[in-house]
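Using the sequences plus the hints, can you model the full thing?
As given, the protein sequences belong to chains A and B, one line each in that order.
Numbering-wise, the working numbering puts 352 at position 352 of the first sequence, and it's gapless, one number per residue.
Numbering-wise, the working numbering puts 292 at position 292 of the second sequence, and it's gapless, one number per residue.
Don't read these hints as lab results, they were simulated from the structure.
Do not rely on the hints blindly, as some may be mistaken.
Since the list can't tell identical chains apart, any single copy or any two copies may satisfy a pair.
[What the hints assert, rightly or not] Mimicking DMTMM-like on lysine to aspartate or glutamate, the simulated pairs with C-alpha atoms at most 25 Å apart in a straight line are:
(1) LYS27 - GLU56
(2) LYS233 - GLU56
(3) LYS233 - GLU17
(4) LYS332 - ASP167
(5) LYS101 - ASP142
(6) LYS278 - ASP336
(7) LYS25 - GLU217
Remember, predicted model here, so these are calculated numbers, not experimental data.
Protein chains: 2
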Amino acid sequence: MSLYVYKFGGTSVGSTERIRSVAEKVKKAHDLGDQIIVVLSAMSGETNRLIALAKEMQAQPTEREMDVLISTGEQVTVALLSMALHELGCDACSYTGGQVKILTDSTYTKARILHIDEARIRADLNAGKVVVVAGFQGVDGDGNITTLGRGGSDTTAVALAAALKADECHIYTDVDGVYTTDPRVEPKARRLDHITFEEMLEMASLGSKVLQIRSVEFAGKYNVALRVLSSFKEGCGTLITYEESQMESALISGIAFNRDEAKLTITGVPDLPGVAFKILGPIAEANIEVDMIVQNIADDATTDFTFTVHRNDYQRAKTLLEQTCIDLAARKVTGDNGIVKVSIVGVGMRSHAGIASTMFKTLAALGINIRMISTSEIKISVVVDEKYLELAVRELHAAFELDKVPEIA
Amino acid sequence: MSLYVYKFGGTSVGSTERIRSVAEKVKKAHDLGDQIIVVLSAMSGETNRLIALAKEMQAQPTEREMDVLISTGEQVTVALLSMALHELGCDACSYTGGQVKILTDSTYTKARILHIDEARIRADLNAGKVVVVAGFQGVDGDGNITTLGRGGSDTTAVALAAALKADECHIYTDVDGVYTTDPRVEPKARRLDHITFEEMLEMASLGSKVLQIRSVEFAGKYNVALRVLSSFKEGCGTLITYEESQMESALISGIAFNRDEAKLTITGVPDLPGVAFKILGPIAEANIEVDMIVQNIADDATTDFTFTVHRNDYQRAKTLLEQTCIDLAARKVTGDNGIVKVSIVGVGMRSHAGIASTMFKTLAALGINIRMISTSEIKISVVVDEKYLELAVRELHAAFELDKVPEIA
Chain A
1 MSLYVYKFGG TSVGSTERIR SVAEKVKKAH DLGDQIIVVL SAMSGETNRL
51 IALAKEMQAQ PTEREMDVLI STGEQVTVAL LSMALHELGC DACSYTGGQV
101 KILTDSTYTK ARILHIDEAR IRADLNAGKV VVVAGFQGVD GDGNITTLGR
151 GGSDTTAVAL AAALKADECH IYTDVDGVYT TDPRVEPKAR RLDHITFEEM
201 LEMASLGSKV LQIRSVEFAG KYNVALRVLS SFKEGCGTLI TYEESQMESA
251 LISGIAFNRD EAKLTITGVP DLPGVAFKIL GPIAEANIEV DMIVQNIADD
301 ATTDFTFTVH RNDYQRAKTL LEQTCIDLAA RKVTGDNGIV KVSIVGVGMR
351 SHAGIASTMF KTLAALGINI RMISTSEIKI SVVVDEKYLE LAVRELHAAF
401 ELDKVPEIA
Chain B
1 MSLYVYKFGG TSVGSTERIR SVAEKVKKAH DLGDQIIVVL SAMSGETNRL
51 IALAKEMQAQ PTEREMDVLI STGEQVTVAL LSMALHELGC DACSYTGGQV
101 KILTDSTYTK ARILHIDEAR IRADLNAGKV VVVAGFQGVD GDGNITTLGR
151 GGSDTTAVAL AAALKADECH IYTDVDGVYT TDPRVEPKAR RLDHITFEEM
201 LEMASLGSKV LQIRSVEFAG KYNVALRVLS SFKEGCGTLI TYEESQMESA
251 LISGIAFNRD EAKLTITGVP DLPGVAFKIL GPIAEANIEV DMIVQNIADD
301 ATTDFTFTVH RNDYQRAKTL LEQTCIDLAA RKVTGDNGIV KVSIVGVGMR
351 SHAGIASTMF KTLAALGINI RMISTSEIKI SVVVDEKYLE LAVRELHAAF
401 ELDKVPEIA
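Put into structure tokens, the structure is as follows:
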């Protein structure tokens, strides 16, 4: 008998019809003799509807009250799924985050889970019930309702899987797994049977929006085996674990990309200690997130400094940087908000040389100018002009033979 | 400094605009230096929307899950009102029934309140906050969410007023008080400044839908001064207390009526001990509520037995009674689903003779045939043909001079 945590997102419970499908899927697994905990999001659109109501009441809604409000969304879906399970003759019991209880800190709208009581859930599971838990929410030490922030239902699922030592945590989404790259850009993209946490983190932070980063970090930290799979079609999805696959020996696992980048450069900066802080300090204070950072010595006395930000923050960042340019007596500020980032990701990089040069050779052969390069242990990112995105992704996909199932090492 | 509990129903919080009006009303009272607890229902229509969702999932929704589901309606309104109060610069804090906590038994969908923790509310009040509590809901000893049944928000308000020894419990509705009768039937109907609990109970159970019976019983039991008043216009409403008014010496306080009645008669029933049970037992088992019951001896050996039920239950009750007629070897079953009940109510009856005869004389002068009579200490009810309802109510209103403010006794 195995214990599984199943998590279904808003699209998967977006209508009573879909909730019924979820109930059927859950019952099928339960009938096989496994113990099942289900974690649900709110029906798609519901959280946004509630936020809109809140904003009608208060320009900047009080965060404690916001959590009281939006936590109702998941409470509705867990009750409805339990009813659907009962209708199928499958005993089930729903719980809010507070009822479980999922104890969090008091940081309303983005609380962190501190502890999960497993006693009540364990008792229900042992009594043969399916346990249905409202995702995204918890309760602080004083009994105030908290929420975990966007994607918090994934975090709830992983945290429950960790607390109850589940065999696997299944994240059901509208895609059937993690792909070598976005199939809308490269139709030959292939679903990966297996990926490591580290690769998944790099893929997620680079724009493959399958899973929330926090839940992957959490799963990694507590060594919870995660599986991403489709709510709507059969299949075994993609398993995410610590272990590198015995079966697959790919050099790289996938190609991630991010369209919404912009690049800013300040040139001729006097090369003195603390200059990076002087440049990025005002950006950070304005709550603008900086992604890639590259610094080059231009000549003996000055340096050129380039970084990327989200395209929405480009104008604000540029204005701040122009002030810094004056303050530091630097030469000038240039920028480009028509760039994208393309990254190759894979734990195979650790043990194989020549991957970077394959990437650069492929892009060079296409006449694609690389504007920035940044590397980590398991990824190489390049910034290129926006118009080359699809071409670069497809040709890199082919160059690394990602469309083919790798042979056993 | 006084402590008030204000309860607003679904219509009063039916839109964000109306929630804002409630916030303004509450703030005004709070600014006068009084302590305010607000109890809210769900936005009008919301509970029915949720029930419809439930019925899509399960033909007979599991009651525990139904309570998890529908309790979200009030949770939404308390959060929104708290936000609206904050927007007005008035400190406020919302609580679900479980957070307060309002401890109930485990009778899902119609739980009874066992105990209310006042500590948390008292602390907030003393800190100058408005406390906003979700009506209609509580939590059982195991932390399961319960609801109190239709009109449960009134019960929550009264129970909080009792627990915290509030000076008055204000029930804001879409009418501006309790009237001598329904103004849609008799435009001369007059708002009563004051009515006793007993009168209110008789008025409520007879179809004046201003307050839920249970909340009036509760208020009477704990001696909570109740005031019914309008959410939408100014005015001091109707105060409901134990004391008979010093100012008003009316013989009767009002005329209640109920349109949805049906009458069933079984004649020629052998007059043996236990016959009433044999007749009403199957009706009760079918969960059909019986209102008036009249039994007359027809001759030495048999009896005629008449009772009224809600018109919706007429056919089911008639079918059951026909089987009973066969079982008891009674003569026959007759019925009429075109009848109404008209009642005069007043504590003045206790000390004044001749009230019944004034009623009967008035109806006789109009040629209205009385089909059944039933009396209690402070009310007299008659059943008449449906078509006479408005005429009977108006003429009785005039006969007892209910349009005039009574002189001081």
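Against the earlier hints, flag every one the structure doesn't satisfy and list their numbers going up.
4 and 7
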